[in-house]
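Asks: Using the sequences plus the hints, can you model the full thing?
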Amino acid sequence: MAQLIRPGAHARRRGALVYRLRTRTGHSLTVESTAREFEGPDARPRVVVTTRDVTEREQARLALERQIELEARVAELSRYFIDLDVDATDGGIETKLAVVAGLAEAQHIWLYSFATGKAGPKYFDWWRIPRRPGCHSRRSRRSPAFPYSTALIQAGQIYHVPSVDSLPASAVAERRDLEERGVRAMLGIPIMSGGRFVGFLGFENYERETGWSEETIMLLRLVGEIFYSCLRRRRAVEDLRDSQSQLLQAQKMEAVGTLAGGIAHDFNNHLAVMLGNARFLRQEVEADGDVLAAIEDLERSADHCAKLTRSLLAFSRRSPVEVVPVAVAELVRGVEGLVKPLLPGSFRLETELGPALGEFAVDQVQIQQVLVNLLVNARDAMAAGGLIRMAAERRRLTAGEAALEGLDARREYVVLSVADTGCGMNPETLRRVFEPFFTTKPVGQGTGLGLAMAYGIVRQSGGGIAIESRVGQGSTVRVFLPALAVEVAARATGEAAMPEPVGRAAVFEPDPEVRQLVCEVLTEQGYAVEIAASPERVAEQVRRASVSIDLVVAAMPWPSPSPDAFAEALRGGVTGPPVLALAEAGHVPVEATDRGVRVLRKPVGRAELRSTLEVWLEVVREG
837 MAQLIRPGAH
847 ARRRGALVYR
857 LRTRTGHSLT
867 VESTAREFEG
877 PDARPRVVVT
887 TRDVTEREQA
897 RLALERQIEL
907 EARVAELSRY
917 FIDLDVDATD
927 GGIETKLAVV
937 AGLAEAQHIW
947 LYSFATGKAG
957 PKYFDWWRIP
967 RRPGCHSRRS
977 RRSPAFPYST
987 ALIQAGQIYH
997 VPSVDSLPAS
1007 AVAERRDLEE
1017 RGVRAMLGIP
1027 IMSGGRFVGF
1037 LGFENYERET
1047 GWSEETIMLL
1057 RLVGEIFYSC
1067 LRRRRAVEDL
1077 RDSQSQLLQA
1087 QKMEAVGTLA
1097 GGIAHDFNNH
1107 LAVMLGNARF
1117 LRQEVEADGD
1127 VLAAIEDLER
1137 SADHCAKLTR
1147 SLLAFSRRSP
1157 VEVVPVAVAE
1167 LVRGVEGLVK
1177 PLLPGSFRLE
1187 TELGPALGEF
1197 AVDQVQIQQV
1207 LVNLLVNARD
1217 AMAAGGLIRM
1227 AAERRRLTAG
1237 EAALEGLDAR
1247 REYVVLSVAD
1257 TGCGMNPETL
1267 RRVFEPFFTT
1277 KPVGQGTGLG
1287 LAMAYGIVRQ
1297 SGGGIAIESR
1307 VGQGSTVRVF
1317 LPALAVEVAA
1327 RATGEAAMPE
1337 PVGRAAVFEP
1347 DPEVRQLVCE
1357 VLTEQGYAVE
1367 IAASPERVAE
1377 QVRRASVSID
1387 LVVAAMPWPS
1397 PSPDAFAEAL
1407 RGGVTGPPVL
1417 ALAEAGHVPV
1427 EATDRGVRVL
1437 RKPVGRAELR
1447 STLEVWLEVV
1457 REG
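Counting in our numbering, the final residue of the sequence shown is number 1459, and the numbers go up one at a time with none missing.
Derived by calculation from the structure, the hints in this document are not laboratory data.
Bear in mind that the values here come from a model prediction, so they are computed numbers and not experimental data.
Be aware that one or more of the hints could be misleading.
SDA-like, lysine to any residue: derived pairs with alpha carbons at most 20 Å apart [what the hints assert, rightly or not]:
hint	residue 1	residue 2
1	K1438	V1410
2	K1438	V1378
3	K1176	A1228
4	K1176	A1227
5	K1438	Q1296
6	K1438	C1355
7	K1438	W1452
8	K1176	N1209
9	K1176	M1218
10	K1176	A1165
11	K1438	P1348
12	K1438	R1379
13	K1176	N1213
14	K1438	Q1377
15	K1176	A1130
16	K1438	R1295
17	K1176	R1215
18	K1438	A1364
19	K1438	A1391
20	K1438	E1420
21	K1176	G1221
22	K1438	W1394
23	K1176	A1192
24	K1176	P1191
25	K1176	A1255
26	K1176	T1257
27	K1176	R1295
28	K1438	E1349
29	K1176	E1166
30	K1176	Q1204
Replies: Here it is, written out as structure tokens:
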């Protein structure tokens, strides 16, 4: 070199070139050649070229650039979903899957998210190549058919398969699946929320093996969380809308109920005068057949109007309900006899009664009216006639039925159903069907109160009501009412002799007539009654160690805390004997959340008190 370059000479010019070479073994190298010009001993220019392998340096540079690009695209993705309207969530995810697939250099991407709304799990996918068969079976990667990948995912770990050969020997099912579908590489990223596995983001390559870097996997995990957060936000908005709709509906029902209750009370006063005078005339008028017949017609019409006002009061929840044990089969057969004459010859009514229906504790007249309203609606939905099915069965509710209606899935219910083959209802009509004064019938042919009243009666009876309907296929209405246990029904109808002693009851009620009624009913049911002069005395009796108190019946003071807090004060704690709280007519406390606490509003009748105690205490014992 000394012979070529003059000692002490400096490079006049220099330059560098980076290029790729392929070795004899087929491997690719990145090399850098640097050329420098020097003056030689003879003053002539000389060029020195130095070549070195810079493959690792170039790979690191490209990886850094790619990482910066990925981070920028993920940040852009996050901003996109922040600004996205929640109603466009699905479309936004479908659009951005292609972008994410490009970032991951994948030919197939899919997103599976569990329980993100009313529609249940959500599945999205996108293909850069023609869709391959068999991929639907691996949507969640949570199948017991793939134990290796399932164990990783449920533990929140990445399922990374850069090549099929990289799978361990234990992943037999996973290897077979990838080979059968022609997958060369796969990446599965579990989406976690609060330590729970809530979804899955998957990538597949069919043409080449692919190893994803830790940095890329970390960013793709963040993408999965962004997708899930977007779906969860949409669900939260849907839940909020549902809550607002339910609140609006409740406010409507309360307003109309108040109006209906006030009208019905005034109407009742006039009916009382009419009925009283009609009965007086029937006793005083001489035996003239025509006159007596007219008076009897007047009485029947007034009685019918009285039943209507009772329904209005039930809708407003202001009527004293006459709850008694009623045989289900007899009630249904009675309604069948009432309705059949109302149906033209083009209609056919079929009644199906399940086995061992037993009894339920209801106001018989009100439940009859509910069924009649449902049957009349079914008739009106079929202009050309058709088949109406009325059925009754006794069973436990499905988890979905219980959750939808807020009922207890652990106990038995009587399920009354009315099905027609009529015109059906669209989703908008179905959503509004229980609104007061909402009707699809022509002017003059419907009040819009039938189903609203039915809803109020059923809810007041401790039950629920649900409707299924499709346009052109008809509708089915199901009414769920608590069934009496067999032994309770027998005791309530007097089939058993004297009830066996069941325990001691503490009673506080300042009104002597109500107190006497409560004591008589409790005595009939086998309780030894201890009367207390105040709620504080009740609490002392409950805490007394010498004698155990099994039931408390106490009048709630006005104003008072919630029923749960009132019961806790009587018991001296959260746990203790069941508490039946008697509320004044004008006092409408919040509902009790403790199963062992029940609120009964005055005025209280003997039958209502007896039935309430029997049914409620049966539920408490079962719970």
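Asks: Could you check the structure against the hints above and give me the numbers of any it violates, in ascending order?
Replies: Violated hints (numbers, rising): 1, 2, 12, 14, 15, 18, 23, 24, 27; every other hint is consistent with the structure.
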